[in-house]
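> Okay, here's what each chain looks like letter by letter:
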Amino acid sequence: KAGVTQTPRYLIKTRGQQVTLSCSPISGHRSVSWYQQTPGQGLQFLFEYFSETQRNKGNFPGRFSGRQFSNSRSEMNVSTLELGDSALYLCASSGSFETQYFGPGTRLLVL
Amino acid sequence: SQQGEEDPQALSIQEGENATMNCSYKTSINNLQWYRQNSGRGLVHLILIRSNEREKHSGRLRVTLDTSKKSSSLLITASRAADTASYFCATDAWNNAGNMLTFGGGTRLMVKP
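Taken in order, these protein sequences are the chains called A and B.
Just so you know, we're using the numbering used here here: the first sequence kicks off at 16 and counts up by one.
Just so you know, we're using the numbering used here here: the second sequence kicks off at 1315 and counts up by one.
Just chain B, with the same shape it has in the complex:
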């Protein structure tokens, strides 16, 4: 079963615009991670935010985490056609003894040139 729900399921924007994706989850977490997947290939790790962090930046990416609302958002600024992909949030539950990520359903982002 999936812990998270992502919103929207699909997003289409023009190159240069910002893209915001949201993720909600159900249980307490150690950390939340965002991944990108191009055309059914492997997942590429984008950013990890720990439960005691509220915001994190990496290049054009900005992630926020609100543990009281059990939600996170991923903002991609100044989007490029190469950002076209599916984006997934994944949570690592607080009581995990090891690595066991629970993924959301993903957001399909299309950036039009």
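Bound conformation, chain A alone:
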């Protein structure tokens, strides 16, 4: 099976802009989770979608949102970008309540 794919891999934006990141899970996986990784805060959970519904949400402001489509592909959106949003955004898919398989990440730089 193909692994988790994320697009784009790299992105440069300026403060105040918005960005949309995409994640395609492993075929058959219905759960997609998003994580933010920064040098200061480490790996932090953003949210999880299962069957097009947000099932869990981390402690991030409302500028961070996501959605999942009927084919399980997911997008996350960050509006009104801030410098502190510069990070590696990781998507993971799961076919069960256990092992999560991560994509290569999207590296976002906000200038």
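The set of hints was computed from the structure by calculation and includes no laboratory data.
It is possible that some hints are incorrect.
[Stated by the list, open to error] Pairwise CB distance ranges, derived in the manner of DEER restraints: (1) A:G55 / B:V1358: 19 to 25 Å; (2) B:T1391 / A:K28: 20 to 26 Å; (3) A:E67 / B:T1391: 41 to 47 Å; (4) B:S1342 / A:T29: 42 to 48 Å.
Think of the CB as a built atom: it goes at the ideal place given N, C-alpha and C, for glycine as much as any other residue.
Starting from the known structure of chain A, fit chain B onto it as the hints suggest.
For chain B alone, kept in the frame of chain A given last:
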């Protein structure tokens, strides 16, 4: 916020030596997982140990779990230069309705050839 703390934060060893990394966490868990990350890339799942298990092996990896101490350790035996990476523990809390991992800060392992 991070649930776990990993110890040490950085570890440098020679090829062939064993590497041990420790992880502590705060709340009751369903399972604990270990992941590897190379140079800021995606995470690779290594091993999962459930809360009712005490030890698990996978190839050169050995994981132990002590729920009474809320701690886990990852042992990599006969290390290779290719094992150079950051290693993270992640916990799945017992009351999670779904997938929501809480990660530790990670251990940066360098294996010198």
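> Hint by hint, say whether it matches the structure.
For each hint, the structure was consulted:
1. A:G55 / B:V1358: 19 to 25 Å: Taking Cβ atoms as reference, G55 (chain A) and V1358 (chain B) lie about 23 Å apart, which means the hint holds.
2. B:T1391 / A:K28: 20 to 26 Å: 44 Å, violated
3. A:E67 / B:T1391: 41 to 47 Å: 44 Å, holds
4. B:S1342 / A:T29: 42 to 48 Å: 44 Å, holds
Figure legend: structure checked against the earlier numbered hints; the only hint not met is number 2.
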